[in-house]
Structures are given as structure tokens and as C-alpha cells.
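Line order of the protein sequences matches chains W and H. For the first sequence, the working numbering assigns the number 320 to the last residue and increments by one with no breaks. For the second sequence, the working numbering assigns the number 446 to the last residue and increments by one with no breaks.
Some hints could be false.
Claimed, not checked - As a list, the in silico DSSO-like pairs of lysine-lysine whose alpha-carbon atoms are at most 27 Å apart:
(1) H:K62 to H:K436
(2) H:K343 to H:K333
(3) H:K436 to W:K97
(4) W:K97 to H:K423
(5) H:K304 to H:K167
(6) H:K167 to H:K193
(7) H:K439 to W:K97
Unchecked claim - Label pairs and their calculated CB-CB ranges:
(8) W:A100 to H:S50: 39 to 49 Å
(9) W:V309 to H:S51: 49 to 59 Å
(10) W:K129 to H:K198: 42 to 52 Å
(11) W:F59 to H:E132: 45 to 55 Å
(12) W:V84 to H:D241: 22 to 32 Å
To be verified - Part of the chain H face toward chain W, derived, beta carbon under 8 Å:
(13) Y117
(14) E186
(15) T203
In short, the hints are calculated from the structure, not lab data. Glycine is no exception: its CB is placed at the ideal position from the N, C-alpha and C atoms.
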Amino acid sequence: MISTSPEVQEEKLILASSIKGGKNKLHGKEKKGDLLPALLFLSPTLIIFTTFILFPVFFSFYLSFHEWNMFSGETTFIGIDNYVRMFNNEEFWEVFKNTAIYTFGTIPLNMCFSLLVAYILHKKIMGKKLLRTAFFAPVVISPVAAAVIWRWMYDPNFGLINYSIGIFGIDPINWLNDPVAAMAALIIMGVWKTFGINMVLFSAGLQAIPEHYYEAAQIDGANQWTKFWNITVPLLAPTTFFIMVMSIISSFQVFDIVYVLTSGGPLGATKVLVFYVYEHAFKFFNMGYASAAGYVLFAILFAITLLQVKYMKNKVYTFG
Amino acid sequence: MLNTKKIIMKKNIFFNLAIIFLFVSINCGGDNKKNKSDNVEIVFWHSFISSTVPALNELIQKFEKENPGYKINAQYIPSGDPLIQKLITSIQSKTAPDISWLHSDFIEDLVEADAIYKMDQFIKGKDGISEEDLNDIYPSLLQYSSWKETLYSLPMEATNLALLYNKNMFKKAGLDPNHPPQTWEELKSYAKKLTIDKNNDGTFDQVGFFVPVFPAAGPLGSWMVWQFTPFLWQAGGSLIDKEQTKVLYNSDAGVQALTLWQEMYNDQKLSTFTNLFENAFVSGSLAMAMDGPWNLPRYKELLKNIDWAFAPLPSGPAKNATVVGGEYLAIFKQSKNPDVAWKFIKWMIQPEVQAFWSMKSGYLPIRHAVSEVPEFKEYLKNHSDFRVFVDQLEFGRAEKMDYEALEITRNFAEAIERATVGKVDVKRALDESAEKSNKLLKNARE
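Start from the sequences and build out the full structure, keeping to the hints where you can.
Structure (C-alpha cells):
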């Protein structure tokens, strides 16, 4: 919707010209001299960004084609050997499978739950702010500290969870020592840890939906469910899309809670991709191989995100 | 107008730069601070658990008192993975310590990086030690101090494993509390008698013997293998052949030992039991477990409501054996004062110092001669549990893997986990793991 009122157009013109000739108008008459101070002021960020992000990104790509002895600093070029070895390694596919299970186990649960909570908290209920803070708290807690606590809660003998379900007569579950249960334990904790941030995003999305849509629907005789399904869900689509893309990325990168909660066990059932990278990089010191695995992770995420953008973006924005 | 602005701006830039430099120089200043008293300072990295640190401080004070002019700067580094990670970065950035406390597995990588000295240089040097002194150190510890039969470090302390048990539970189960299990058969039958389901709900409220199984890829994976090896040796097996060309843990002895673990693990339903064995022992739901001497100082307080004791590990079908471990001191080539670093190590391995350190810290002495130190003799008389560990040192065994030790240990751990938690056939689990390890060995030796 383009506004055509003359005042607005004039404002836009002024804005445009100030952007074009911005240097002259906003910062006196300096031209070349501006670059140096700008760089200087940006330098702390630039230096940190280059050393800790940009350089490692390219260096690990370089390393993925090499064998690197970290102790002596020697590198030997070995072409795509690391990649070939990885794709021929059964364990890698096992790890890939575990990551996929974790991702597709966490995301639906996470999204349903965070939407539900956000929707309830959007209504006018008592203690809304307190509840929102409580639900958001896990996001802020250090993942390692949280995982230590969860490991205690999952403990078969001393754990709170088995004790609680025991009250209802449910047999104790062997949370961390059974391959299936351990993955479930990890997913439950993963959802608990991350749904708060999605809840906040959904809340923001809900607040952006104009109230008059609901009023109009009410007049037409829509009930709660139809309103939710036909107004809230479609209008939240951009938020949902964003959350989905980000959740897939973060689930594929899960590491800290795995390391502390299950250490990849039992029987490697919860060994995920980043854990695999860690094991090879910092336990066996096969830096080249680990870098290659890191780049495979990157490629997977890149492909998934591209697919999502391609097939879902249109759908998302035709609503609203 | 224009010029003044420019000047002001420039001034500002210089002002900012000046501030930045100020900060940088303050920070650098901290590192280059000269030691005013002209003491020669030795940086010593270690990973002792917090309960050992007071003993370490006393040890260092003793050294500094007996050797005026030298100062030991002890710095704590978290054990295991972080220690080796920090060593790598420090070597690359030329900030390595003078001495570091190491796990045996790390020596291979450090030697390949040419980061640590051969010990011969000092032992046979001017300020050296005699062949006799060197041979007084337990041979298994010297084996772990070496790589490919060359000595690169010397042990600082020793540890091994013994059997911790609850005497009251023995009495209640009708067993003689002064007769802990002597053989595998006894261990198995005792464990069975001590495993009790009090309320008949299908889960055991008390477990006889804790079989230490942990996730193979996790931080406790190598700890599990370390506790399994005595069983392998007791059955007459070995980890690896003498020439280090192939692993032998999938031999008949390996199968026998792992079968014992598998049976005990499953008979006692340990997969539904906590893996925090200390908590289980304290809370009275566990009767026996393997444990090391480093916990003795803690247990006096922690287990004061329990009638507990330590016993030697039961002997296997072939012989007595316990695993011997320890930590090793190496001197880094980046050290500015390697001779002073050596002075500390040489001082450290003296029988009197070892006796002092052992009594204070609860670790075991590294050499036979310590038993002749009068204070230590006296100490052993009053500390029968500690004595169990010291006596066991005679059966202590070691097998050093020179190539890919870390990854082979992980593979071995996988086999143990698969046979116990995964209930996979023992022979199959071991064979598949050995195949992976042998491939690694072959590549590493090429």
C-alpha cells in the first residue's frame, strides 16, 4: 500500500537525497577522511569478527582437505580423502541418523508447545508476566548446568522423574541407559531448554495480529477453534516459518546438553553430528577429518534452508 | 574552520589510540612482570582434584624451603581433554609450562610435536640419578612414562584399584565381613547374595557389585577401560602384542573377562541402576565397587555411618592383577630453565618426599624404597585400607599403547558397552572392535 499524500512523498525525497549524498550532508564535507575513523571505531568488532569467525570458517574449509598435526603444525594435502573416508564410515551415517531423529523429534513438539503457551499467555490471565518469565528461564540458564540437573532428575535410583511417575504406578523408566529412552530424554530436555525463545517469538507474532479480524469472525459466528485455525495460524505463518528455519539449524547443532546428559551413549544412540566433530577434533585430534564433518553439517543445513525458502516462502507470504 | 575540525578529529583519533595502547600495555605488563626477589620460577601445570590441592601446596612449600631461590608456580588445568587441548595451544603459542603433569596417553602426541625432553638427558647428566634409583621405581610406571621404550617423563604419584565393600551388608547376607571375595567365582556368588529385592517389586533395592559401565564416547569411556583391564590381565590376557602391531583384547582371556562383566551387569539389572556408584554406596544400596586410593581422605567423612573396608581385587583364573596408573611429569623444551625443572622432579622422586606426599595426598608412592621410610611404615600400620593399595602395587601391571592409544581405547570401550548395555555377543563385540583398532594401528605405523 503506497501512500500518495504529498507530504509523505516529500519526506521520502528528502530521505532519499540524504542517503545519496549522505556523506556530505550528515558529516560535514569530509569524504576520504571518513573511512579511517570509521574503520578505527569498527576495529574492535572487525578484529574479533575476523579472528574468531571469518578466519576459522575459511581455515577449517582449507583443513578439510588436509591432514593437520596440531602439535607440530604440519599440514599434508590429501584432497577429498577426508570426505571419502567419512561417507564410507558407518558411524557417520549412524550419527547423521541420530541427529535427524533429534531434530525431527524436537521441532514439532517444540513448536506446538511454544505456540500453545504463547496463545494461552496472550489471553488475559493471572500472573501472565510471572509465567512468561518462568517459561523463558530455561533459555537463559547455562546449558551445562541445566544438563547436570537433568541428569540427576533422570537418574534411575535417585531421580525425581522416576520417583514422580512411580507415584502414579508407572514402572521406572531406564532414562539414560536405554537407547530409545535416552533419545527421548534428550528430546524432552531439548524442548524444555529451547521452547521459551520460540514462545517469545510467537507472542510477538500474536500481538501483531489486529484484533478486528477476531471481532469480524466473532460476528460471523466463529468459535475459538475456527478463529485459531483460520486467523491465528495463517497470520502467524511468517513467524512459524522463521522459527522453523532457526530451530532446524539449532537442533542440528546441538552439543552441550548431549555431552553432559548422555555423552553420546548408550551405545552411541545419542551421538549427534557436532559431538562426532568434537570427538574427532578434540579427542583424537583429527582436525582435518573433523573440519570435513563440520562442512558436511554446513552443507546439510544450507540445503535444508534453501529447500525451505524455496517451497515455503511463497506459501507463507500469500497469507496476511 | 575546516582545518580546525580536521585537527580536532585527528586529535580524537590519537586520543583514542592512546587509550587503546594504554590498555594494551597494562595488560602486557601483567605478563612480563619481573620477579623482584630474583627467584627462578618454574611454571607447573597439574589437574589435581580440589581435595588434593592442600597437600600439593604443602609439598611445594617444602620444596621451596629446602631449595631456596626457586619458586614453583602451580597452575590448575581441568583434567582430561582440556589439559591436552591447552597444552597444544600453549606449545603453538610458545607459552608452554616448564613442567606439566600428564596422562600417559598424551606422551605420544607431545613427543611427535618435539615438545618434551627425553629424560635420559637429565638422568645421565651432571645432576643425574643412579641406575639403582631409577630401577627402584615400579616398572609398570616407567612403562607408562615412556614412549616406544624411551623415557620421556617420570611418575609423580601412583594409583591403582581395589575393592570397596560394606561390612554390614556382608554380615546381613550371612557372609564373613573379614573375608572379601578372593576369586572371580566368589565375586560372582557374593554379588548374587548381596543383590536383594526387598519389597518384591521386580527392581533390586540393593546391588552386590557395581560394574562400571559408562558411555564409550563420553568423558568416562577411558575410565571404564581402565577398570576393565585388571580383569583382562587376571584372565591372562593382554591389550596389545609386544611389537604393537595388533590388539589382543579380543583373545580368549578378553572374552572370559568381558563375559564375567556381562553376566554380572545383566544378572544385577545394572542398566536400571544409577551410575553414580558413590551415592549408591553412601545411601546403602550398593555392597561392593572398585575404587582408588585418592578417595580415602574423603571417605573418612563421607562414609562415617557405614562400616566399610578396602580389599585387594579378587584374582582371576590366571593370576592376581590390578591396574596401575599415575600421572607423569615431563619437562617442556620451551622451558627457559629445564635444569631447575629437573631439580624439582629429582627432588620429587626421593623416597622421603614420596612418603610425605603419599601420606598427605592419599596417592601411592612410586617406588619400593618408600616402604623403608620409618614414618611411612608407621603410617601403614594405622591405615590398613591404604595399606591394601600399597601392597597391591606389587601386582600392578601396565601395558602401554604407543600408537593411537586414545582412539583404540574408545573402540575397546565401545565393545564393553555393547556387550553389557547392548547385550551383544561378547566375542562378536570384541572382534568387531579389534578389527577397527587393528586398521587404525596399521595406518598409524605406515
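**Prompt:** What hints, given by number in increasing order, does this structure fail?
**Reply:** Hints 1, 13 and 14 not satisfied by this model.
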